[in-house]
Each structure stands twice: as structure tokens, then as C-alpha cells.
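Colleague: So you can see what is in the structure, the chains are spelled out below.
2 protein chains.
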Amino acid sequence: MSAQIIDGKKIAQEVREQVSRDVMNLVSRGITPGLATILVGDDPGSQVYVRNKQKVAQELGIYSEHHALPAGSTQQEVTNKIEELNNNPKIHAILCQLPLPDGLDPWKVLETINPRKDVDGFHPVNLGKLLSCKKRSEIDELGIPVPCTPLGIMELIRHSGIEVSGKHAVVVGRSNIVGKPVALLLMSENATVTICHSRTKGLADIIREADIVVAAIGKPRYVQADWVKPGACVIDVGINRTDSGLVGDVDFENVKKVAGWLTPVPGGVGPMTIAMLMKSTVARAVPRRGL
Amino acid sequence: MSAQIIDGKKIAQEVREQVSRDVMNLVSRGITPGLATILVGDDPGSQVYVRNKQKVAQELGIYSEHHALPAGSTQQEVTNKIEELNNNPKIHAILCQLPLPDGLDPWKVLETINPRKDVDGFHPVNLGKLLSCKKRSEIDELGIPVPCTPLGIMELIRHSGIEVSGKHAVVVGRSNIVGKPVALLLMSENATVTICHSRTKGLADIIREADIVVAAIGKPRYVQADWVKPGACVIDVGINRTDSGLVGDVDFENVKKVAGWLTPVPGGVGPMTIAMLMKSTVARAVPRRGL
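Protein chains in written order, with the numbering used here: chain A, 2 to 292; chain B, 2 to 292.
Since the hints were derived computationally from the structure, they do not count as laboratory data. These figures come from a predicted structure and were not determined experimentally. What you were told as hints is all true, and nothing was included just to trick you.
Treat identical chains as interchangeable: a pair holds within one or across any two.
Here are the simulated lysine to aspartate or glutamate pairs, DMTMM-like style, with alpha carbons at most 20 angstroms apart:
#1 LYS230 with ASP206
#2 LYS230 with GLU254
#3 LYS258 with ASP212
#4 LYS135 with GLU112
#5 LYS135 with ASP103
#6 LYS230 with GLU210
Let the sequences and hints guide you as you build the complete structure.
Modeller: Structural data, given as C-alpha cells:
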């Protein structure tokens, strides 16, 4: 038996095509979705990320602008830039690339973004709404912005035809950008969810109970084949640079002999994040009652 | 072997005594903590709850006022009342008793409360901050208001000398007032947390893995003795009215032969909720930088 490999590149491409159609639809109604990215400082990795986001936005017909602020910017200078974008009617979605340089408080910065334009879903009021919602349908209907990597993970699962309701999902990692929101999304689709982390004891035994595993650990090839229940769906969120190239948090070659579904690295979760960001940008631009 | 029964009444009394000292301390600095309760409609159960809260506040030297609004109040009338209390410098903590009558949107009402005066911690911005915090110490230092029943549960566990870090906690129930916030608090103290609910399959087997069980199910005597790992800590949040009186969600008489610690119903979690509400009221009144 060999796992079905979930093709994130292909699914991301399908998402982008749908987004492109949605953009055309909105443009025909006189609305061009607008995305503003902000990068404080000159971290090369962040520059690559932001450039990619800009590029994809443009390909899909989304209006986009980029604002580069110097590394020594004050909290007030960043706030002023965000306020300017909050008030700019051409901009529906604001993304402030993290991490911020030392000396800036990321939470204060994220709180400055108008929650309706908070495309990353990191504003506490949006995280609070995500926490409060009982059902996935409620999250979608209320148009609550949700962090893009978790959204992408759910899309990979859905696309693969994997039933979530009533399944046991084990999320390894409790970060604010992946672990906690993906746990909430899985629960909102009626999974029983276990969240594990660096202080978890008996991780292998816990993972062995899982129908769905989301690995966001940050350790190369950490999840072993004999930790995985035969037939389980394994989503690998890890991106680790090693001597043998980019690898995930899962021992791909061996786990694929056991799992039912498995995402590769690269080409799994990675491509989904930008695609979902574009989808969320367009969702911010859709006129919505009560938001 | 027989479980240690966790005496919620006694622990709540200790919390109240500490709160009373804190109030005296604040009063000597010229600050009298002020609690405002709002009840819309005339639900008899809610009236009892609110009256109890008022009574305890007064006993502890907290200034309190109650605002009863008629059942037919509009969203705007409720909002106006909350705005008035937001602007009242004598009031540090506002509690709007739930549930609200049909026709009022509880989330809209809760969002109207100034987050700094949100003593129940139900404002989405406070829930979002709770979700974001990595450590319990961060929650406490930032003074983030947290729902009172989960706070009380954590206090019962702490008081009983039960180590949380590295333990497997199973929370049964995913409500916004108990299940989800208590899961976050347990995780912020480094527990591995599983959240179960009505759609969970194999609940007994999952509970059997737990070092700490929090039962918030709403079914009388549902959790059976043979579901419980010997020596586990079992917190019973249930309050079920039956022909044989008030009973919890746990089969107390049998589970106490297996568990290491067990809360009774009544006299376990119940008394803690009001005590923690008083503690949170006082915390709202403490002058705090940046809040």
C-alpha cells in the first residue's frame, strides 16, 4: 500500500483559477479587490515572501501595492502607514509581513489593522470570533478572516475527499499561525482534536490514534512511519532546510508506505498558503451586510 | 482507594477572602472596584444568578449596581445601557447575564462592552487574546479577562496540587463559556489537550487516556468509572436537575473509587465561578499600564 500524495500545487492552481473568476466577477460589478502588503525592514526571506504574494495577486487581477518601511521604523510610523491603508478605499486587504524587527510589538501592530481588512486573520477580534464560532459554515457565512495556512490545510483535506466529522485529528504544534487555528477549524467541522506540542509526553502513541495528523513541529523528518495509523491522512506543514534540501516534519519516504494520504514538501501545504491568501483578499472585497 | 474530593466551597471561600483583602487594599488607594450587572428580561434562573453575584460583591466590599431591562428591550436600548456603564468611572466590570431573550444578538451585545470592563471575558477581542497567549503567565500579566468557570476549574486543579504541565487533559464539551477556554488555559500550562464533543467517537477510550478530565457535557452521571484512568483528576462541570436532586456529568459514587481527585456536584466547580468573577472584577479595577 502506498499513500495517495496530495498535490498541493495542483489544488492551489484550482483555487487560483476560481479566485481569478471571482475577481472578474467583482470587477464587472465595479469592484477591484485591493491588497496592500507592508514589510518593515529588509529580511531577505520576508522580501521573497512578499514579492511572491504581490506577483500572484497581479496575475489574478487583484490590485496590489507594497509598502516597504525601513528597519528602524517606530511603532507610530508603522501605525500611521496602517491607518493610511485602513482609510484607503482601494485597499480591501492589508497584510503586514511577520516577523517584525525587534522593538516593534507585533500584537499592537496587528491590532491597528481594521478587522475588516485583516486578511491574515491575526487581529484579536477575528481570532476571538474564530474561537467563538461553533460551525465552519458560521465562520464562512460571517466572513471571518482566518489565517491562510490553516485554511489551506482544510482545503487540501476537503479536496482529497477526506471526511473530518467524527474523526480524531492530532495537531502537533500550538502556534498562533498554524496549530491553534487549524485545531479550531478541524473542531468546527466536528473532528475530535488533540493538540500536542514540545511538552507533550508519549507523542508517538498519541499520533498513532489519529485519523488526521497535522505536523507543524519544525523538526526535519520527525514523524516516523510507525507512529502513523495505517490509512491516516498526514498533512506536513514543516519546511526545514537540510543538507539534502527542503524537507518536511514527516519522514515522507517511510510514512507514505503507511498513511492513506500524505502531503509532500515542497508542493503540499506551501502553495496553498498564497492561494488562500488571494481567496481571502477577494472575500474582503465582497460587500457584506453587517461587516 | 478513594478519590480526594476537591472541596470547591472551601477553595472558593479562600479565594473570596483574598479578594476581600485585595478590595481593602484598593480602597486604601482610593479605588473601590465597581461591578455592574445587566439582566434583560425576567428569567427566574437568571434572576437568582444575578442576585447571588450582587450579594457576594457587596459582602466583599465591591461597589455594585444592577440594571434590569424589560424582556422586550431592543438591541439599541441594551447598547445604550452598556455605553452608559462603559462611560461610568465608578464601574470597572460589566456583566451582561446570558442568555439574552430571543431577538437580541448576544455577540453584538458582548462586543459593545468596553474590553477593559469585560469581566466575563466574552468580548471577541479578549477571546482572541486568550487564544494568542502562549503561557498562562502571559494571560495573567496582560490582565486578559478570562471566562470565570474555566478560571475556577484551573484554580481547583492548582489548589489540589495537581501538576498540569506534560499531562494529557481531556475536555468533554466545546462551549464558548467552558470547553474551549478551559482547553486553552490547560494548554497555556503545557498540558496536551483533547477536546471531545457530541460528535466524538470512542469517548470512553479517549477519556481513559486522560490524566485530567473536564466534563462539561450536560448529561447526568454520564462519565462512568470504567472510563477513568486510576488516579486521574476528574472535574465535573455538570449541573443536572434529576428526580434524585442535583447531579453532575460524572457518576460520582463509582468514579470516586477510581479517580485520584474528584469534584462533587454541588460544591465543586459551582462555588468557584462566582468567586472567580469577584476576583476578575477586582482585577479590572487595578490600574494597569497599556490597558
